[in-house]
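Taken in order, the sequence shown gives residues 12 to 161; the numbers are from my numbering.
Keep in mind that the hints were calculated from the coordinates and are not lab data. One should not assume that every hint holds.
Said to hold, decoys possible - Simulated crosslink set (DSSO-like; lysine-lysine; CA at most 27 Å straight-line):
1. K146 with K52
2. K146 with K84
3. K13 with K84
Unchecked claim - Label-pair restraints from in silico Cβ distances:
4. R143 with D62: 36 to 46 Å
5. K84 with D54: 40 to 50 Å
6. E148 with D81: 20 to 30 Å
7. G114 with K84: 19 to 29 Å
8. W70 with T150: 34 to 44 Å
9. E83 with D62: 26 to 36 Å
10. T72 with Y116: 46 to 56 Å
11. H69 with Y116: 15 to 25 Å
12. K84 with R143: 36 to 46 Å
Ideal placement from N, C-alpha and C gives every residue a C-beta, glycine not left out.
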Amino acid sequence: MKEEKIPCRIIRYREFPDLLFGTLREDGPVYFDATRFIQAKGDARRHNVRDFRVAFHHWATALADAYGIDREKMIIRDEASGHLLIDECLALLFVVYIDPAFGVYLLERVDELLSGGFTVSDTWLVQAAGLRFTKEELTQILEQHETQHI
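Start from the sequences, fold in the hints, and give me the full structure.
Quick look at the structure:
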């Protein structure tokens, strides 16, 4: 396994602040720290990079082919921490591996996108509603919705 010193400190997805990304150079590959994410959100007795690699082999192959990524460089070891780092293209699949309920959420959003042509994340929806309506207005809207659908 290839080793490089790549500090992963960037939060890309606010929903997953423990999924940290990093790169050596601006035009180089971007990796996320899989070891840290397992420690923060997974169960070290059940989750490991080796099992992820086996379970998502077909996805990894398809992504490597689509993006022209060398399969041998998709998973590397960080020299400084010893953590396993995985190419960014597999990040959301790794979250699904750790939290299958997130996979269900993704499928629901993709269904919305394909059937309705539009979707937003729950986080965005809550933030947008909070910017547009006061707490009292939101409460009134929810109460009206509940009485109309009983």
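Here is what the structure says about each hint:
1. K146 with K52: Status violated; Cα separation ~31 Å.
2. K146 with K84: violated (49 Å)
3. K13 with K84: holds (7 Å)
4. R143 with D62: 36 to 46 Å: Check passed, 44 Å falls within 36 to 46 Å.
5. K84 with D54: 40 to 50 Å: violated (28 Å)
6. E148 with D81: 20 to 30 Å: About 53 Å separates the Cβ atoms of E148 and D81, which means 20 to 30 Å is violated.
7. G114 with K84: 19 to 29 Å: The hint (19 to 29 Å, Cβ to Cβ) holds, given that G114 and K84 are roughly 26 Å apart.
8. W70 with T150: 34 to 44 Å: For T150 against W70, whose Cβ atoms are near 42 Å apart, the range 34 to 44 Å holds.
9. E83 with D62: 26 to 36 Å: Given about 19 Å between the Cβ atoms, the range is violated.
10. T72 with Y116: 46 to 56 Å: Check failed, 25 Å falls outside 46 to 56 Å.
11. H69 with Y116: 15 to 25 Å: For H69 and Y116 the Cβ distance comes to about 21 Å; the hint holds.
12. K84 with R143: 36 to 46 Å: holds (45 Å)
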